[in-house]
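There are 2 protein chains.
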Amino acid sequence: MPKISIKSQNKSFEYTPDKNLLQILLENDVFVDNPCNGKGSCGKCKIKLLEGNLPDIGETEEKLLKKEEIDSGIRLSCFVVPQEDIVIEILQKEGKHDILTTGYTPDFEFDPLIHKEVFKIEKPTLENQGSFEELICKTFDVEKFDWRLLQQHEFITGKVTGVFNGRELIAIECGDTTDILYGVAVDIGTTTVVTALIDMKTGEELATASMINAQKNFGLDVLTRITYEVEHPEDGKEKLQYAIVNSINEMIGDICNKSKVDRKNIYEISIAANCTMMHLLLGIDATSIGMSPYSPIFTKSKNILAKDIGLKAAPGARLYCLPSVSAYIGADIVAGAYVCQLHKAKENVLFIDIGTNGEIVLSNHGKLLSCSCAAGPALEGMNISSGMRAAEGAIEDVRITESGVEVQVIGDKRPIGICGSGILAVVKELLRTELVKKDGAFIKKEKLEESDYRYDMIQLDGRKRQFILESSPDQILITQGDIRQVQLAKGAILSGFYALLRKANIDMDNLDKVIVAGQFGAHLSADSLVGIGILPEKVEDKLVYVGNSSKTGAYMALMSANVKEEIEQLAHQIDYMELGASEGYEKLFAACLIFPG
Amino acid sequence: MPKISIKSQNKSFEYTPDKNLLQILLENDVFVDNPCNGKGSCGKCKIKLLEGNLPDIGETEEKLLKKEEIDSGIRLSCFVVPQEDIVIEILQKEGKHDILTTGYTPDFEFDPLIHKEVFKIEKPTLENQGSFEELICKTFDVEKFDWRLLQQHEFITGKVTGVFNGRELIAIECGDTTDILYGVAVDIGTTTVVTALIDMKTGEELATASMINAQKNFGLDVLTRITYEVEHPEDGKEKLQYAIVNSINEMIGDICNKSKVDRKNIYEISIAANCTMMHLLLGIDATSIGMSPYSPIFTKSKNILAKDIGLKAAPGARLYCLPSVSAYIGADIVAGAYVCQLHKAKENVLFIDIGTNGEIVLSNHGKLLSCSCAAGPALEGMNISSGMRAAEGAIEDVRITESGVEVQVIGDKRPIGICGSGILAVVKELLRTELVKKDGAFIKKEKLEESDYRYDMIQLDGRKRQFILESSPDQILITQGDIRQVQLAKGAILSGFYALLRKANIDMDNLDKVIVAGQFGAHLSADSLVGIGILPEKVEDKLVYVGNSSKTGAYMALMSANVKEEIEQLAHQIDYMELGASEGYEKLFAACLIFPG
Numbered sequence: 001m002p003k004i005s006i007k008s009q010n011k012s013f014e015y016t017p018d019k020n021l022l023q024i025l026l027e028n029d030v031f032v033d034n035p036c037n038g039k040g041s042c043g044k045c046k047i048k049l050l051e052g053n054l055p056d057i058g059e060t061e062e063k064l065l066k067k068e069e070i071d072s073g074i075r076l077s078c079f080v081v082p083q084e085d086i087v088i089e090i091l092q093k094e095g096k097h098d099i100l101t102t103g104y105t106p107d108f109e110f111d112p113l114i115h116k117e118v119f120k121i122e123k124p125t126l127e128n129q130g131s132f133e134e135l136i137c138k139t140f141d142v143e144k145f146d147w148r149l150l151q152q153h154e155f156i157t158g159k160v161t162g163v164f165n166g167r168e169l170i171a172i173e174c175g176d177t178t179d180i181l182y183g184v185a186v187d188i189g190t191t192t193v194v195t196a197l198i199d200m201k202t203g204e205e206l207a208t209a210s211m212i213n214a215q216k217n218f219g220l221d222v223l224t225r226i227t228y229e230v231e232h233p234e235d236g237k238e239k240l241q242y243a244i245v246n247s248i249n250e251m252i253g254d255i256c257n258k259s260k261v262d263r264k265n266i267y268e269i270s271i272a273a274n275c276t277m278m279h280l281l282l283g284i285d286a287t288s289i290g291m292s293p294y295s296p297i298f299t300k301s302k303n304i305l306a307k308d309i310g311l312k313a314a315p316g317a318r319l320y321c322l323p324s325v326s327a328y329i330g331a332d333i334v335a336g337a338y339v340c341q342l343h344k345a346k347e348n349v350l351f352i353d354i355g356t357n358g359e360i361v362l363s364n365h366g367k368l369l370s371c372s373c374a375a376g377p378a379l380e381g382m383n384i385s386s387g388m389r390a391a392e393g394a395i396e397d398v399r400i401t402e403s404g405v406e407v408q409v410i411g412d413k414r415p416i417g418i419c420g421s422g423i424l425a426v427v428k429e430l431l432r433t434e435l436v437k438k439d440g441a442f443i444k445k446e447k448l449e450e451s452d453y454r455y456d457m458i459q460l461d462g463r464k465r466q467f468i469l470e471s472s473p474d475q476i477l478i479t480q481g482d483i484r485q486v487q488l489a490k491g492a493i494l495s496g497f498y499a500l501l502r503k504a505n506i507d508m509d510n511l512d513k514v515i516v517a518g519q520f521g522a523h524l525s526a527d528s529l530v531g532i533g534i535l536p537e538k539v540e541d542k543l544v545y546v547g548n549s550s551k552t553g554a555y556m557a558l559m560s561a562n563v564k565e566e567i568e569q570l571a572h573q574i575d576y577m578e579l580g581a582s583e584g585y586e587k588l589f590a591a592c593l594i595f596p597g
Numbered sequence: 001m002p003k004i005s006i007k008s009q010n011k012s013f014e015y016t017p018d019k020n021l022l023q024i025l026l027e028n029d030v031f032v033d034n035p036c037n038g039k040g041s042c043g044k045c046k047i048k049l050l051e052g053n054l055p056d057i058g059e060t061e062e063k064l065l066k067k068e069e070i071d072s073g074i075r076l077s078c079f080v081v082p083q084e085d086i087v088i089e090i091l092q093k094e095g096k097h098d099i100l101t102t103g104y105t106p107d108f109e110f111d112p113l114i115h116k117e118v119f120k121i122e123k124p125t126l127e128n129q130g131s132f133e134e135l136i137c138k139t140f141d142v143e144k145f146d147w148r149l150l151q152q153h154e155f156i157t158g159k160v161t162g163v164f165n166g167r168e169l170i171a172i173e174c175g176d177t178t179d180i181l182y183g184v185a186v187d188i189g190t191t192t193v194v195t196a197l198i199d200m201k202t203g204e205e206l207a208t209a210s211m212i213n214a215q216k217n218f219g220l221d222v223l224t225r226i227t228y229e230v231e232h233p234e235d236g237k238e239k240l241q242y243a244i245v246n247s248i249n250e251m252i253g254d255i256c257n258k259s260k261v262d263r264k265n266i267y268e269i270s271i272a273a274n275c276t277m278m279h280l281l282l283g284i285d286a287t288s289i290g291m292s293p294y295s296p297i298f299t300k301s302k303n304i305l306a307k308d309i310g311l312k313a314a315p316g317a318r319l320y321c322l323p324s325v326s327a328y329i330g331a332d333i334v335a336g337a338y339v340c341q342l343h344k345a346k347e348n349v350l351f352i353d354i355g356t357n358g359e360i361v362l363s364n365h366g367k368l369l370s371c372s373c374a375a376g377p378a379l380e381g382m383n384i385s386s387g388m389r390a391a392e393g394a395i396e397d398v399r400i401t402e403s404g405v406e407v408q409v410i411g412d413k414r415p416i417g418i419c420g421s422g423i424l425a426v427v428k429e430l431l432r433t434e435l436v437k438k439d440g441a442f443i444k445k446e447k448l449e450e451s452d453y454r455y456d457m458i459q460l461d462g463r464k465r466q467f468i469l470e471s472s473p474d475q476i477l478i479t480q481g482d483i484r485q486v487q488l489a490k491g492a493i494l495s496g497f498y499a500l501l502r503k504a505n506i507d508m509d510n511l512d513k514v515i516v517a518g519q520f521g522a523h524l525s526a527d528s529l530v531g532i533g534i535l536p537e538k539v540e541d542k543l544v545y546v547g548n549s550s551k552t553g554a555y556m557a558l559m560s561a562n563v564k565e566e567i568e569q570l571a572h573q574i575d576y577m578e579l580g581a582s583e584g585y586e587k588l589f590a591a592c593l594i595f596p597g
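First to last, the protein sequences are chains U and W.
Numbered continuously in the UniProt record's numbering, the first sequence closes out at residue 597.
Numbered continuously in the UniProt record's numbering, the second sequence closes out at residue 597.
Hints are computed from structural coordinates only; laboratory data are not their basis.
Do not take every clue at face value.
Copies of the same chain look alike in the list, so a pair counts if it fits in one copy or across any two.
Claimed, not checked - Quick list of in silico lysine-lysine cross-link-like pairs, BS3-like style, CA-CA up to 27 Å:
hint, residue 1, residue 2
1, 307, 144
2, 307, 264
3, 120, 300
4, 159, 300
5, 144, 300
6, 138, 367
7, 239, 264
8, 300, 138
9, 300, 123
10, 538, 344
11, 239, 312
12, 307, 239
13, 19, 66
14, 300, 312
Just chain U, same shape as in the assembly:
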């Protein structure tokens, strides 16, 4: 079999010459960015050929690359089906990502569903030979329990500690182990996963770990992952499940090491995630989420054996999955709504989590209505010509001043692309400085004085204008297409925002608070949000940021049986409005496409 070697990563592996290079690389765990999921449209999966030969370049691939790139041996890996030994270089390196692990937590009482109690199991005798199972039922005063508990035990007697999930016995330990009780709270985002180790005796967060969701290899967003599942009926679901389960197992290993805690003493893993991630976590088909009428397989909370999906913790450890509302209002949003106590709000509060989907929950004095807006990945830096995720080297803020363009780069590195907050910032600045008009079109450069430094920054690419944000060493462009992507995203979110208010009969003046949640939202300044009209101007001084409320909700559910109950009730209280099916939505959406100005 021919061999691929990756320079700089000291990696090489054999391959069967019937797949494209992107597939081969991803299957061998080599990260290559591919926002379009290998569909041949994003032009991001560049690699450089160093040794050996690749088949000739085709028409579509040629269009997506610059001539200089082609001359230097750069190819798009999704187009190339290699046949022989090659040595390549991966061009996009995966930088250190900035992942939000903290946020606001309201006061609440600790009363974990998981708890321990000490008992004494009497020794059987020849006259009284009762089975271990009978002794357990008698000693722990339970009628029955999962038979698999019996698989974990020799016949132990004497002082033991029972571990209970509510009134259900889930483990028995020798001696008194009541001092040892750990749990894990997890937020699975489509892009990032955050895991926290919790001492359930004190509620203290001992350590956190975070990483990029390993399912990225199967698609960057929810829909491409569902497509992957559909296109790989033989093992797609299993691979996606394995990727996330394995990631969580690794992170648990990591936080246990940091805190010197034995993972055998983790008794519950509490997880918040969007509805698709929850399906993929449990190995449940997510196909129906991807097509109308968007009905998921399940939304209810789950309290199951963690090992049933391969999570490694105490043998009887539970996995608690928070409930969702619908396919596009997931447990992450329910968690956030709970953390913000939307159901108990005494005013009109709007909760928004901005990402590839913008999820909005409106609380009208506790009456809850939600919607989800298909913003697309532009706001996260995807499907943008120079876009990248918020990692080292990404431009995260931009200021266009009289004298020049100032950029702020994550990690203070040489800029190699622009992430979501940077895109928003630059569009906001282009609008503020009137280089882009309210309808989203670039002005003609002729409208500027030739002496204006920005005169040269506006260029024509064919018939379309673009803005050169950085020209060397790497050119970082904002194209007319990029502006359109942002425009579609902002139109989607803003129209959802207004549709909810309209449905609830609340006008802007009566909206008391706007809560911005989530990984991505935390990096969006009020300035940008309002500046490009993702949110209306009037909310600027009503904005509150709550950070990763999804993880916080998982943490609270872990630490309190009462919170679990309340969250489950809350999920039922949130009404869901399908925007596409609501009256007059298309007109509203069109109006919301206009930038403020």
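Please arrange chain W on chain U, whose structure you already have, making use of the hints.
Structure of chain W alone, referenced to chain U:
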């Protein structure tokens, strides 16, 4: 690594030279008889060296072999730790075993716990996006179900068939599949396993398969398998479980093939087995069964997911394990007691299953008392110098007449050993012809006329006498030690028999019926049983044989929810008497050692 080749089996494999040859052979699935489980005491695990060298013979091994055997290259594989390439011959070939798969079945009504119903799942709409889980609960009118059912499904709508285990939904199938409903009944014996495919619509037995319990490689009886588990804490339990689960899976494949049934349409597997086999089947520690006070981990019935122990059938298929009474009155005996309706007996009925353990249940007009007698493996042909299991070449019946000794051999082959029923027959004949006295000792040959053909058949081996049953080509001996083994076994069973009667205050004249159950019992003639005093003479005309009532019980439980309930009640109704702890037992045992005559 050095290599072992097995002549005549065309098998060869590499090995690491740190284990004894018996271990290596068993690990590579080469059957070598080893009743003592490799302890170096039975002298049965003979192999013949054809090429290569083995380490020198030691003192113990030398004692267990004859000089001629040593000279011809025969060794005991448990003593030998090979170091180089060798070619060997396996001496004991595994013949075709005669396994009993049938028996008496009482009339009963079919009402299987597993059943099917047709429903219609409504299509969700944009206005009514209910999850599949919610639709299922509504459509099938269930409150909840095992979440793993969701793993098996895409979002299906329209006509579907629900498979129920009682009121629990366990599977959903597209369309109307109510005509297809299969189940499997299994009897796991320590020695043999019998599996039957049942059409649950009609109760018809479509096919049966049987095989030697693959756990034989880990020990021939219950105690040696427990010892194996104890001595291999890292994976002993898993290996024993895998062996039996794999055997059942193979047999299910076999009977499905024979009947052209898809194993995906098997919805329940109903299993009867002794308590140790049931523990090993479920991967539950059996150690405590092996030591006083003989308390097992569990005795209750189990109705669990078949795939949780690796059984391959319908995805949601159930495994039903019949209940045991105690460590030594297992589900096989409960099944038999149920099949014989002991709890409804209108007279005094004694049920006995004779094997390595003799289990007895006495019904005093429906009041049930049981005990278990450690008979040892002699009655099954083990621990007997020329003993073997009931396979081709085994002497199964013997008659000593005036003119000579007549033997009956299984498969009409050249005799190579003697099985349980043969042992009993020969001992009975030795007693009848007064070659062996009531105390079990051989008579001195001098007591016979020199002209008597039997004069030469009694020989001295050192200081002990023995009887030469066959002299050529293979010598088949009955030694004084063999007689002692039979004597111990018969003493154990007879004393259990009397102890039960005594406890229930029933005398022999008031005992109305004696039911002989089980694989082995079916081959024991009333003649032999009474002739050597395993049972008292007075029962001879009260004997009834019911065959494999363990499998029949599993079948009945499969076919009826009511039977399941009644069997579970029955298990509670059977009192267990621990013989070792009962008053005056040792004296009774001593008295029962005496042979009749």
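Structure-based check of all given hints:
In this homomeric assembly, residue 307 and residue 144 come within 27 Å of each other (Cα to Cα) both inside a single copy, at 20 Å, and across copies, at 21 Å. Taking identical chains as interchangeable, the C-alpha atoms of residue 307 and residue 264 lie at most 27 Å apart whether they share a chain (12 Å) or sit on different chains (25 Å). In this homomeric assembly, residue 120 and residue 300 come within 27 Å of each other (Cα to Cα) only across copies, at 22 Å, whereas the closest approach inside a single copy is 37 Å. Taking identical chains as interchangeable, the C-alpha atoms of residue 159 and residue 300 lie at most 27 Å apart only when they sit on different chains, with a minimum of 24 Å there against 38 Å within one chain.
For a Cα distance limit of 27 Å, the shortest separation of residue 144 from residue 300 qualifies both inside one copy, at 24 Å, and across copies, at 11 Å. In the homo-oligomer, the alpha carbons of residue 138 and residue 367 lie at most 27 Å apart only across protomers (26 Å), although the nearest pairing inside one protomer, at 46 Å, exceeds that limit. Proximity of residue 239 to residue 264 under the C-alpha cut-off of 27 Å is found in both arrangements, the shortest distances being 26 Å within a copy and 24 Å between copies. Only between protomers do residue 300 and residue 138 lie at most 27 Å apart by alpha-carbon distance; the minimum there is 14 Å, versus 33 Å within a single protomer.
In this homomeric assembly, residue 300 and residue 123 come within 27 Å of each other (Cα to Cα) only across copies, at 19 Å, whereas the closest approach inside a single copy is 43 Å. When the C-alpha separation of residue 538 and residue 344 is checked against a cutoff of 27 Å, the pair qualifies only within one copy, where the shortest distance is 24 Å, while the shortest distance between copies is 84 Å. In this homomeric assembly, residue 239 and residue 312 come within 27 Å of each other (Cα to Cα) both inside a single copy, at 18 Å, and across copies, at 22 Å. For a Cα distance limit of 27 Å, the shortest separation of residue 307 from residue 239 qualifies both inside one copy, at 17 Å, and across copies, at 21 Å.
Proximity of residue 19 and residue 66 under a CA criterion of 27 Å is satisfied intra-copy only: 25 Å inside one chain copy versus 66 Å between copies. For a Cα distance limit of 27 Å, the shortest separation of residue 300 from residue 312 inside one copy, 23 Å, qualifies, whereas the shortest one across copies, 29 Å, does not.
In summary, this structure violates none of the numbered hints.
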